[in-house]
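**Student:** Take a look at the letters that make up each chain.
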Amino acid sequence: MFFALADPQRRGMVERLSTGPATVKQLAAPSGMRLPSAVKHLKVLEEGGLVASHKAGRTRTFSLNSEAMRTIGEWARSRETAWNSTFDRLAAAMLELEQEDGEQ
Amino acid sequence: MTTDRVEHTSFVIERELPGSPKHAFRFWSDPTLKARWSGCHADWTVLEEAFDFQAGGKETKRWRTPEGQELTFHAFYLDVVQDERIIYAYEMSFGGARLSASLVTIVLTPHGGSTHMKFTEQAAFLAGDGTSEQRIEGTAEGFDRLVEVVSAEARSAA
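Taken in sequence, the protein lines are chains C and V.
This note's numbering applies: residue 4 is where the first sequence begins, and numbers increase by one.
This note's numbering applies: residue 4 is where the second sequence begins, and numbers increase by one.
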């Protein structure tokens, strides 16, 4: 599941799907992704249990497997996000304080 | 949901930090300097705080939220190499239910005049039993709070 979320383009797709179901074309459009590439990313997400799809006529529609996202995905993503903002503060704090003599 | 679930994940965060590894290390090892960047929620009451930064040493933090729930953080430092590496295990609990248990590895490498920090967290997220799930993620509101707690946890676990 986390391999599935490791890629920023896939995370973008998941974010788009969190607002509602979408087709491959709709999911590829925002990042200018080519359709075969989008299909590949969606396959990874589907295998990771994060999204589900169904086909109506010639159109395949994807939607978020909200149960999966709600638990582990959100937790880990929120933790990673929190660490990143924490490390922003670390970098800022390091700038505020001069290094001790002899440090290089 | 009545089954216990454990989900494993790991993630890596790589950052360039201003200053030498020695400078960066101080911000992990010195409690005063660490508090400058890893502060927690202003409206949480601190019930307990301990920081023993050395291999075999423990760090403990315990708070009470305004809603009266207790939040605890326990860390155990497994490996400390001055200015180079820190490895610690930590667990976090909310309202008596354990949320996660993790292994964190921080590696500091000199990079020109700055420091390359590689932070790796290997985590077991505990979805919990029926009781705790009801308590902490049974409703959308509860889930929002959980996300907030997990986010805050990362800040305080730092």
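These are calculated hints, taken from the structure and not from any lab test.
For clarity, every value in this text was computed on a predicted model and none was experimentally measured.
Glycine included, C-beta positions come from ideal geometry on N, C-alpha and C.
It is possible that some hints are incorrect.
Distance condition first, Cα-Cα at most 25 angstroms in a straight line; then the derived SDA-like pairs of lysine to any residue [stated by the list, open to error]:
1) C:Lys43 / V:Val15
2) V:Lys61 / V:Ser96
3) C:Lys28 / C:Lys43
4) V:Lys25 / C:Glu103
5) V:Lys37 / C:Pro24
6) C:Lys46 / V:Ser96
7) V:Lys121 / C:Lys46
8) C:Lys43 / C:Pro33
9) V:Lys121 / C:Lys58
10) V:Lys25 / C:Ser88
11) C:Lys43 / V:Arg88
12) C:Lys58 / C:Arg14
13) V:Lys25 / C:Glu18
14) V:Lys121 / C:Phe90
15) V:Lys121 / C:Asp91
16) V:Lys61 / V:His114
17) V:Lys25 / V:Ser96
18) V:Lys61 / C:Arg92
19) V:Lys25 / C:Ser81
20) V:Lys37 / C:Ser88
21) V:Lys121 / C:Pro33
22) V:Lys37 / C:Lys43
23) V:Lys37 / C:Glu83
24) C:Lys46 / V:Val15
25) V:Lys61 / C:Ala96
26) V:Lys121 / C:Lys43
27) V:Lys121 / C:Pro24
28) V:Lys121 / C:Lys28
29) C:Lys46 / C:Ser88
30) V:Lys37 / C:Arg92
31) V:Lys61 / C:Glu18
32) C:Lys43 / C:Pro24
Per the computed footprint, the stretches of chain V lying under chain C, defined by three or more beta-carbons under 8 angstroms from a beta-carbon of chain C, are [said to hold, decoys possible]:
33) 58-66
34) 73-79
Away from chain C, derived, C-beta distances all over 10 angstroms, residues of chain V [what the hints assert, rightly or not]:
35) Thr12
36) Phe14
37) Ile16
38) Leu20
39) Gly22
40) Ala27
**Student:** Report the numbers of all earlier hints that the structure fails to satisfy, in ascending order.
**Tutor:** The structure conflicts with hints 5, 6, 7, 9, 11, 13, 16, 17, 19, 21, 22, 26, 27, 28, 29, 31, 33, 34, 35, 36, 37, 38, 39 and 40, although it agrees with all the remaining ones.
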